[in-house]
Structures are given as structure tokens and as C-alpha cells.
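Visitor: The hints should help you fit chains B, C and D onto chain A, whose structure is shown.
Protein chains: 4
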Amino acid sequence: MDDRVRVGLVGLGRMGRFHAANLAGRIPLADLVRIVDADEGVARDLSEGLRGVEWSTNYADLLEDSEIEAIVIASPTPLHADMIEAAAEAGKHVFCEKPISLDIERTYEAIEAARAAGVKLQVGFHRRFDPDYRRAWQKIAADEVGEVYLFRTSLRDMQAPGFDYIKGSGGFFADVTLHDFDTARWLIGEIEEVTALGAALSDPGFEEVGDIDNAVVTVRFAGGALGVIDNSRVAGYGYECSSEVMGSRATLRVDNHRRASVETLTPDSSHQDYVSDFVERFADAYAAGLESFARAVREDRDPEVSGADAAAAFVLAKAAERSHREGRAVRLTNEMKDGEVFYEEVD
Amino acid sequence: MDDRVRVGLVGLGRMGRFHAANLAGRIPLADLVRIVDADEGVARDLSEGLRGVEWSTNYADLLEDSEIEAIVIASPTPLHADMIEAAAEAGKHVFCEKPISLDIERTYEAIEAARAAGVKLQVGFHRRFDPDYRRAWQKIAADEVGEVYLFRTSLRDMQAPGFDYIKGSGGFFADVTLHDFDTARWLIGEIEEVTALGAALSDPGFEEVGDIDNAVVTVRFAGGALGVIDNSRVAGYGYECSSEVMGSRATLRVDNHRRASVETLTPDSSHQDYVSDFVERFADAYAAGLESFARAVREDRDPEVSGADAAAAFVLAKAAERSHREGRAVRLTNEMKDGEVFYEEVD
Amino acid sequence: MDDRVRVGLVGLGRMGRFHAANLAGRIPLADLVRIVDADEGVARDLSEGLRGVEWSTNYADLLEDSEIEAIVIASPTPLHADMIEAAAEAGKHVFCEKPISLDIERTYEAIEAARAAGVKLQVGFHRRFDPDYRRAWQKIAADEVGEVYLFRTSLRDMQAPGFDYIKGSGGFFADVTLHDFDTARWLIGEIEEVTALGAALSDPGFEEVGDIDNAVVTVRFAGGALGVIDNSRVAGYGYECSSEVMGSRATLRVDNHRRASVETLTPDSSHQDYVSDFVERFADAYAAGLESFARAVREDRDPEVSGADAAAAFVLAKAAERSHREGRAVRLTNEMKDGEVFYEEVD
Amino acid sequence: MDDRVRVGLVGLGRMGRFHAANLAGRIPLADLVRIVDADEGVARDLSEGLRGVEWSTNYADLLEDSEIEAIVIASPTPLHADMIEAAAEAGKHVFCEKPISLDIERTYEAIEAARAAGVKLQVGFHRRFDPDYRRAWQKIAADEVGEVYLFRTSLRDMQAPGFDYIKGSGGFFADVTLHDFDTARWLIGEIEEVTALGAALSDPGFEEVGDIDNAVVTVRFAGGALGVIDNSRVAGYGYECSSEVMGSRATLRVDNHRRASVETLTPDSSHQDYVSDFVERFADAYAAGLESFARAVREDRDPEVSGADAAAAFVLAKAAERSHREGRAVRLTNEMKDGEVFYEEVD
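Chains as they are written, first to last, in this note's numbering: chain A, 663 to 1009; chain B, 663 to 1009; chain C, 663 to 1009; chain D, 663 to 1009.
The following block holds chain A by itself, in its conformation from the complex (with noise of 0.2 Å):
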């Protein structure tokens, strides 16, 4: 008997594809059934590599095909909320890539939407599904590290995207500091208190449309701890995310990736193989997020990651971003509401 969940999915740019294959492939649980995107060469060509899966132009192709249970969706951030709500209408559980949407109202429409309609909401925070993540984190929750003092965290890609990606990104913070908040919140706790400092560096394009490309982000957690995130698009030498957790009785380190453990040796010198950007990095923890999400679906249980927790990281985001523009420190509090926090600035 196959109980694999059925999926549709909608968007086929990098990430889209990305799961395409995933899905396809590599998720014993998941069964890829129809493919979406509006552009029909892009949907028909990926088909085809793809045995049995069907293809279309439109959304709602996915909407009313009654085998598909779930809908993973890679589309433009601007097509996010409203596909969430029309997925939750059709009945059909929702994997949405981050952000839910760069406004925090529709945001919470989009969650409140997927509540209401009792489907399950999975948004695509990926390092929570990293093995060498996910095992510090049960080092954790196994109080191997004792009462936490400071976590540290870099987040820094190799090289910048180009500026008609950064103009539609939401903002530094919103796009890169985002997963370091998820992180954050995941390994250690709620935050209180946010301060930011920004800097556009190494290309005046930045400073142009309003941006910038490195940002030094510290934080007070709600048990005391301090966090200190550093992010940059500009880091040249390879793409690099790496946490370190210290704390009373041991300190963690989560290593930066190496594409391969082979090292080079030429005189003075030591070649080794960095991975160059986030899907080469995540690789698997793309997989064993879309994994997570099917076995949720299948089992009837939350997901790992809510909506909640993406709304919650976009509010941290929004207010490193106003601290880094007023110069002060932005103070955060939260509550929760049916099993799921809720963050909101305080001044």
C-alpha cells in the first residue's frame, strides 16, 4: 500500500527546482504529482526529467486536484500569503519557503488562514533539519551545556547576489539575519532585546538602493543570555555558518562545512574544498525539512517549524533593522497564544 503524501508544487526558479528534485528523489514519504510555474517551457522541461509528474501553468491546477494533499510552495515572496490562503481554502497542507510575506500583517492572515482551515504550515527554515544543527541541539536539550552564557553565530555568504535580487529581498536583515533569529530562538530561547549596527562595504550599489552588505547583531535573551550574530553577503573566501553555545558546563561548536574532507598541501599552503553557497551546505537539510514536513502531514502532528516561528523571526528582523537606523537598542516582548508565540516591539 503506498501511503506516500501526495504533493503539488508551485514555483520552479532555483529553490523550486531545488525541491522538485528533493521531492522526486530523496523523500521516501513524499510523492511529487504535479509541478507549477506560470512560464510552461520552465514547468514542461523540468517534467519531463521527472517520471510521472505532471505539469501546469496554473495554481490552481494544484488547488482542485483532489489526490493532492499538500502543496510545497517556492513562488515569489510576493505570490506567498495569498497561495498559503488559497491552499488552506482547498483544504490542502502548506510548506512555504521564507518569508511568508515582508508585511507582518499579512503575515499573521496567512498563519491565521492555515489555523482556521486545520491545515498543517511548514515554513522552510532548513538549518533546523542540519544534522550537525540538530545534534547540538539535542546536546541542549540534554542540558550538556548547562545554563547558556553566550551564543555566538556567522552567517556570511560567499558573494553578494545581484541588485535587482537585494531590491526585492525585504532588507538585509529581513532576508540573511532572519535564519540566524530562527536559530537562535530554536537553540536557546525567546529574545528581549535587539541591537544592530550595519555597513555597506564593498560596493556602493548597496548604499544606492538603501541596503547594506555586513551587520553585526547582538541580543539579550529572556534567560539571560547574550547572542551575538554576525552576517555578511561579502565574505569572499566561501559560504560560511558556523554557532557556538557556551555555557556552564560546556561550551558547543558547529563547525563551518567543507565540501569534502580532502586537504591539499603545497608549500605554505592548504587547499580545501569550502562549500560555496547554502543549497550546497543544506543540501540535506532541504530534504529532511520536506521529509519532517510529510511525516507531520502523515502523522497528523504540528510541524516542526510553524508560522508562527517565521513571523516570529521577522519581527526580530524588523526590529534589527530599526535599531541599526535609530542608533538604540529595540526592546521585544511576546506572548503565546494557542501553543504559538507572538513577538511585537516594545518601543
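The reader is advised that the hints may include incorrect statements.
Keeping only pairs whose Cα atoms sit at most 16 Å apart, straight-line, the calculated EDC-like set for lysine to aspartate or glutamate is [said to hold, decoys possible]:
hint, chain 1, residue 1, chain 2, residue 2
1, B, LYS760, B, GLU966
2, A, LYS801, C, ASP930
3, B, LYS801, B, GLU906
4, B, LYS999, B, GLU771
5, C, LYS829, C, ASP865
6, A, LYS801, B, GLU925
7, C, LYS999, C, GLU771
8, A, LYS999, A, ASP964
9, D, LYS999, D, GLU852
10, A, LYS829, A, ASP865
11, C, LYS760, C, GLU966
12, D, LYS801, B, ASP930
13, A, LYS801, B, ASP935
14, C, LYS760, C, ASP744
15, B, LYS801, A, GLU925
16, C, LYS801, D, GLU925
17, A, LYS829, A, GLU869
18, C, LYS999, C, GLU774
19, D, LYS801, C, GLU925
20, A, LYS999, A, GLU771
21, A, LYS999, A, GLU852
22, B, LYS801, D, ASP930
23, A, LYS829, A, GLU870
24, C, LYS801, D, ASP935
25, B, LYS760, B, ASP744
26, A, LYS999, A, GLU774
27, A, LYS801, A, GLU906
28, D, LYS999, D, GLU774
29, D, LYS999, D, ASP964
30, D, LYS801, C, ASP935
31, C, LYS801, A, ASP930
32, B, LYS801, A, ASP935
33, D, LYS760, D, GLU966
Selected chain A positions facing chain C (Cβ under 8 Å, derived; list incomplete) [stated by the list, open to error]:
hint, residue
34, TYR811
35, ALA861
36, SER864
37, ASN876
38, ASP892
39, VAL896
40, GLY898
In case anyone wonders, no lab produced these hints; they're calculated from the structure. Remember, predicted model here, so these are calculated numbers, not experimental data. Glycine included, C-beta positions come from ideal geometry on N, C-alpha and C.
Guide: Same frame as chain A, now just chains B, C and D:
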């Protein structure tokens, strides 16, 4: 259209179950159709966890199933050669766990049976499919290393298997060093001379069964380079498989793997998760080896590791054993037949 | 002919005894002539272990000894400024442990006294003389890093000193972060803005004495780069001093030191000897700092770290403290006088 | 009171000048009184840089100087044995660079001369005084390793010295492997069997002078453990001296040294400063060896490395050479005389 290679699997011990899981969920180009084990309970239980996979206690059921194109043999070693010959006769391609036989004549007969029947025969040297070793191999092929001076490799188990296993293993060199001989030939080239030194150190039981638990083997390659292999059944700290190639232009190092890139620092100590055995270390490599086999079948090309490769490693292992027993260097010669290499001891 | 610099040493606490051992045995250009401590037993006992070194309980004995050219001051901080002024008046060059004073006006007066008397004044920022940091500094000077985007540094003690020490330390930022401000200025350049976040987490005693045990400090450099410093008194796993400079051409990392390059592997664990405190970590740097001072005296050139450098780091530490207390960024300005930099808070 | 050991030094080549600098500035317990070299210019020039050190072109000036208690011999190898004997006759303690002689009988005669005269004789095996190796040795002595299974060590030069040096070196095994035999005996214990495999790979010149440039040597220890040494004159990437001891309780690794803990990351590459030769790698060890010698003299106890240790390593090196030439294992026996070990080949 489903162009997957329909596969049958025989032998559901540790490796067989591992291959079954890979064939069922991680090899897009393979379709596991039927599993066979002499133990009815084992076969039935496993098939229940695998959607749509038939089970049987009779190897003939695989041979007679006209749907099946290829057979994966993971049964006990004494059955390998007979099963290869039967599969060849039935026109099925074969992926067989190493060694083909503990008898070199039977090894050659099985290889010849496959050749005569025109079926593919691939042997389970997983390290050739490991991403790290593959990267090293590419660098050597790209002449990044220059003339090779030294090849150094370590293969060490954390803990010895039981003496029941040891007794049927074919001896230390055929069971352990075999893998390193294959890697040495693959990365560096053919071998002319083998000198081996072994010892039974950790448990008197090794001496009682006429075996050893530690060995150092040196080789001289036809190209002039020197090589050294160290092996242990009792490394204690973890499973280790690491190598070094020192050459005129560069020195390559394939480092040992960790389970996760997480380090736990406590006073005076850094805990790291070493992998504990070869199944954990080479999980990806096992899957990649089966995928490569399925592709060789579907695309009708030579497998990446042939029966002759298995025979070559076996002859080298036997030469090491003789060197160890007689306290002298053993010289070997090799010749090419039909594009395959065949080794023989010189004296 | 003996051209060594004849040195007197005052203050035989932990740092004083350490300097005494260096001056007696590791600094070829220094000749330790006399040691002074208020505690007669301490002074006499130590002199017995040092061949040909006189002892005294009276600082004036150093000032009046016409043989002595230079004085190393390792007495308690409240005595530093007075002792510098007295030494300057007596025409002796001065090497003084940091800080010069916990009062910035007294700091400036002592600096001025040395300047007016024409004697050298070097302050004990040992990190500038550490071979690893020195190498990083050379690479930056050789423009290997390009434009700097981010400076990141960690300074962490394994265990907190007693609260008696804490109470007289001048506060966390002046006692700990001070070193990082000096390193930041030395490696990257002048600082325009400081934001600090501190917490008392490990022991209620810190709050009782009005101090903290962990802090994160971000800075904005005049050149545009961002910086982040994390400090702790209670890192637990060992003493850490490591830094990173990310730039447009390359990223430098100064890794933490191990006591020895020996790794002990046991199941699941790798023991490494981390250094346990700054004296162990910077043993070579302390000696090199004194050697540099002796050379500055003998060759009549400016010391590599001046009194103004000490004052600058102190003003920055005070700015960090204000930022921490007031929850806002503190901006600073600086101007050059007689080739030395002088900092001031802007608001 | 000055209780320093008054030392004379003969031979001012590379090692001699290095010892001179150490004796003059880094060995508190040694007082370098006079230096001797056949080349007047060399001796005079060096003495000018060393305060208060006399110079001479005549070895007899050291022997006749009643102030001198100990002589450091760094002259060319063919002079070592005669100089040791002359020093012994004059009642001077001796520190001699290795080897004592390329003739084992002369080696034994020189050792006996020192023994008969009651003077200390220490040989320059610097690795015994290296902090890293010392730490490993302490851990073994503290039984942290348990029963030893495998000793593995690499000693590799970055670049070969000139063929003039090679011709007078006594051959590869006596010049290079000698150090590893001493380390093996020191860390693990006596050796019963040696098998060596050598090759001349990097330059036809090695074969022309009847020597090799790479070798792998396996040993069997009396305690049962296996050992493997790899050596190269042409490692290319840098100087390497690293070792591993695998035992029943733990595995120790002494890693190769870097010049500084600074890493430079550029796209795809991490530059690290490897040490380039043994003088740089073992700078501290050379000083510590001389300090230990001075202490042995002053405290009248046995040196930490004896003449018999040098003879043992030399006999083992000669056995390796025979094994290499004859293509067979060479067995050795050893016996204790007066607390010292003496090796002999069995066949």
C-alpha cells in the same frame, strides 16, 4: 515511463538489510522488486517495511523472475561464486559483496561465467564511491599531485567482530587489507612487491584461531612509489579510514570522518563524534555504489569496479599473508587480458 | 662590553614574579639589578633564586640607584601613576602594567610626566608581542586582507578571579575588554562608536559588587568596518584568545592556542590541552614585550605601545561601560597630539 | 653566586651557530666561555656578536681552559669521536651532535672513553626535549595509552640538502631514520625486527651517489607492538614531524607544528604557515636539550640521552639499510651493560 532497473536482493544480514534500505529509498534508478533470505521470518518482516517489495526464501525465485534485470548478492561469502554463476546463466547482471570467493580459482571461474554470459559484474568496494576519496582520485587524475612518492593509508575498526565472524573471514589480510589494496591500485597504480607484518595483541583468541588483529603492510608500486597500509581491528577510539598521497607537486590528505561537525568543549577536553563503523562512515558511498551499478546496467557500460579488481585485491591480500607468515617480501607480476588486470605472485 | 639595560622591578605579585623570571633569564638585552616589594619576605625570597639581584622594600631605592636605567612597574594599579611620575622625575624609563590608572585624568598626568621628562613609557599590552598576532598584523600591513569588513575577537577566562580582585579591577570593561580595544586599534584602526551589552550570569556575587561576568561589545571603526568583541570571565573549557579579520581579499584567523600539539583519542572524545590562563598563553609575548622595551631604551626610539595607547583603550572601555549602563551606542572622537592619539566621548 | 656551567663550543657551522645563540641567550644554567672553529673569520665574527665570549681556532684551547667544565661538539661528524675522547681525557663533560661516528666501533670507543673518564656524554637527539613529544611521553609513562598496538611516525624534509651533504651523511637511514629509531625506543621500547623499503624518486642524483630519498620502515617491538616510520627528503609542502601511538586505552597524536596559529582564507584555499625545517620546528627543543645537559652536569646525574642511545639508533639504522639492500627483515638482539642497552644484528 519507468526506466528504473528492476533489482532482486539475496541475503538479508547486516549488509543485505542496509542495501535493501538504500535500494528502496535512496537509489532513484533502482526499483527493488524482491528480497530473498533463507530465513522466512527475516525476509517477510523486512518486506513488510518496504512498500511493494515481494519476499521469498528461494534464490531461484529471483533467477526465474523475468522482470528482474539485476541481482544484488549479500549472502555469506561461501555462496557468492555459485550465486554469481547462476545469475549469469539466468542473464541477470550482478552486484556482489566482496570477496567473490576465498578461493582464487573459484573467483576467476565466477568472473569468467559473467564475462561469457555478457552480464555486468560489479564488486562492493564502497570506498571508490565515497565523495572524499572520489575527490582525491579526481585531483590525482588531474595531475595535481605530480609524481607520487608515498601512499599512506589507515583502516581501523573500533572494535573487533566476534570470533565466529573472524573464523569465516578468510583471515585478516583478505578481510581488512583487501579494501586498502583496492584503494591503492585505484588511486596510485599496480603493485610489484608486498611486505607484511602482523600481530595478535589485544586478545589471545586471535592467536587461537590463527589470526591477527593488527598489521602494517608496505608495498612498492610499479611506478616506483612506496606505500604503507596500517590496519587494526581494535583501534578503540572509533572507526578510521584516512589516507595520504605525497607527490612532487602536492600532498593530498583524506581525513577521517566525523559524524557531525559539532565539538563539545569541557575543561581540558574536546568531544567529537567519530563514526563508529564502516556502515556509518560510508553510508553515502554504499548508496552511490549501487547507483553507479544501476547506471552501468541501464546505460550498458562497464561497471566502475570489476570482478578482476576484486581478484587483484584478493591476490595481493594473499601475498601479504604469505609475507607475514614467511617474514620476507613477496613479489608480484600482473598482465592485462581483455582490458582487465590479472595478478600472480612471482615467488 | 655589556650594553644590557639595567632594570629595576617593583611589585612582586603574580605578574611581577613572572616579569622577574623573564628579566633574569629570557631577555638578553636586560640586566635585572634590583627588585622591590613592600613585603620583605617576598622580596628577599625571590632575590635568593635570582643570581646577583639585590632586593629592597623601598621603591626609592630604585629611583636613587644611578645604575638603573629603567623601571618595570607591576605594583597594584592605584600606585601606577604615582610611580610613573616618580620614575620620570628620576629620569628612569618606565614599563608599566596596564592600566596606568582607573582615573583618566591621572592617566594623562602620568603620560605627560613621562613625556616632559623625556623618558620612555611602555604599557603592558602583551598581545601586540604575541607571535601569532604579530603575524596577523604583518599580513594586514602587507595588505593581504584588503578592505576590512569585520573584526571579531574573543577573550575569555576559564574561571573568574576572586571577588576581592573584581572589586579593585576597575570593572569588567576596563579590566577585560581593554585588551581587545587595544588589539582592535592596533590591527584595524580608530573606533568611532561603541555599543556594549553585559550580564552577570554565573554567580550572584557579580551583581552584588556591581559588575558583570559576560559581555558582547560591537564597534564601528572610522574606516567603516564593523567589529565585535565577546568577553567572559567564566568560559569553563579554558582560556581563549582568538580573532578574525574578514576583508575583501582574505579572511585571517588567529586561532586559540593549545598547550601542546598532542591529541588523546578515546571513544567519542579527543582530549587536547587548552591553555588555562593568559600567563600560559602569552608566556612568549610577555618576554617579547620586555625585550622590545629594552631595545627601545637602548636604541632610543619610541616604544611599540605608548601611554596614549593605554589611555585610548581606557577611554573606549569607559565608553563601553556607559553604553552597557545606558542601553545606547556611545560615539567617540579622537585627535592627534604630538603623534599620539587622544580619545573623547562625543555624547 | 654564579653556579652556571662554563661551556666551550667547537664547530661553528649551522648547528654550531644555533647552539651558540642558545648558550649565550636562552640557557640560564650555561655560561658560554669560548667558541672554536678552524676558520678564524667565522670564529672571530661570531664572538663579536656574543658579549664576553672568547674565540679560537684551536680545539686544544678548550681542553686546556681549566674554567671550562663542558664542551659542546658541533664539528663535522668525522671529528666527533676523536673530540669526545680528547674531551674525556681532559675531564670535560660532552654534549655531541649525532651521530657519534659512522663507524660503530669508533662509536663504542668514544662512549667507553667518556665512561672510563667519568664524564657525562649527551647526544643531540632534540626530539626528546620537544614540549609536544615530552607531553606524549609523559602520557605513555602515566599509562594513559595502555598496551601499545601501533607506533606510526613521519619525518620529512621539505627539500633535499645538496648532494655534497648527502655524500657525507652516512646514508639516508643513518641520517634521517636514526631520529625516528631513537623516538621509537624512547616512547615505546626496544626493537627486535626491522624491515625497510627505500626508493630514489625525485632526482637521478640520489641513485648516482648510491642513496635514496624516500623510505618506509616497519619495526616489531620486543613488547609485541608494530611500528612504521615514513621518511622523505622531498615532502615539498613543508617540514613534517608527526607521530601516533595507538593503544588499548587511548591513541595519542603528536601533530605537525605550524609556525603560527594564523590561517588566511581565500577562495577555496586556506594558507597556513608550516615550519620549513627542523631548526625552526625544534627551536625550543634544542634549547631544552642543552639546558638538560647543563643540569645533568651541575646536579651530577645521568644525561637524558646517552651515548649508548646514539649507538642503538645507529645500529638500527644500519639494520634498516641492510634490510633495504637485501629485501628481507633483519632481526636484532640487545643486552644491558652497566644500565645501558647495546644492540646487535642477529643475522
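Visitor: Now tell me, hint by hint, if it's right for this structure.
Guide: Outcome of the hint check:
1. LYS760/B / GLU966/B: Roughly 14 Å between the alpha carbons, so the hint for LYS760/B and GLU966/B holds.
2. LYS801/A / ASP930/C: holds, 14 Å
3. LYS801/B / GLU906/B: holds, 13 Å
4. LYS999/B / GLU771/B: Holds - the C-alpha atoms of GLU771/B and LYS999/B are around 15 Å apart, at most 16 Å.
5. LYS829/C / ASP865/C: holds, 14 Å
6. LYS801/A / GLU925/B: At roughly 11 Å apart (the allowed maximum being 16 Å), GLU925/B and LYS801/A satisfy the hint.
7. LYS999/C / GLU771/C: holds, 15 Å
8. LYS999/A / ASP964/A: holds, 15 Å
9. LYS999/D / GLU852/D: Holds - the C-alpha atoms of GLU852/D and LYS999/D are around 15 Å apart, at most 16 Å.
10. LYS829/A / ASP865/A: Since the Cα atoms of LYS829/A and ASP865/A sit roughly 14 Å apart, the hinted pair holds (cutoff 16 Å).
11. LYS760/C / GLU966/C: Holds, at roughly 14 Å.
12. LYS801/D / ASP930/B: holds, 14 Å
13. LYS801/A / ASP935/B: Judged against 16 Å, a Cα distance of about 12 Å means the pair holds.
14. LYS760/C / ASP744/C: holds, 14 Å
15. LYS801/B / GLU925/A: holds, 11 Å
16. LYS801/C / GLU925/D: Satisfied, since the Cα-Cα distance of roughly 11 Å is no more than 16 Å.
17. LYS829/A / GLU869/A: holds, 11 Å
18. LYS999/C / GLU774/C: Holds, at about 12 Å.
19. LYS801/D / GLU925/C: holds, 11 Å
20. LYS999/A / GLU771/A: holds, 15 Å
21. LYS999/A / GLU852/A: Within the cut-off at roughly 15 Å; holds.
22. LYS801/B / ASP930/D: Holds, at about 14 Å.
23. LYS829/A / GLU870/A: Roughly 10 Å between the alpha carbons, so the hint for LYS829/A and GLU870/A holds.
24. LYS801/C / ASP935/D: holds, 12 Å
25. LYS760/B / ASP744/B: The given pair, whose Cα atoms are some 14 Å apart, holds under the 16 Å limit.
26. LYS999/A / GLU774/A: Given pair LYS999/A, GLU774/A holds - Cα atoms ~12 Å apart, limit 16 Å.
27. LYS801/A / GLU906/A: Given that 16 Å is the threshold and the Cα spacing comes to 13 Å, the pair holds.
28. LYS999/D / GLU774/D: Holds. LYS999/D to GLU774/D sits at ~12 Å (cutoff 16 Å).
29. LYS999/D / ASP964/D: holds, 15 Å
30. LYS801/D / ASP935/C: holds, 12 Å
31. LYS801/C / ASP930/A: holds, 14 Å
32. LYS801/B / ASP935/A: Distance of about 12 Å is within 16 Å: holds.
33. LYS760/D / GLU966/D: This hinted pair holds, its Cα atoms lying about 14 Å apart.
34. TYR811: holds, 5 Å
35. ALA861: holds, 6 Å
36. SER864: holds, 7 Å
37. ASN876: Hint on ASN876/A: holds, closest Cβ of chain C at ~5 Å, below 8 Å.
38. ASP892: Holds - the Cβ of ASP892/A comes within 8 Å of chain C, reaching about 6 Å at its closest.
39. VAL896: holds, 7 Å
40. GLY898: holds, 7 Å
Of the hints listed earlier, there is not a single one the structure fails to meet.
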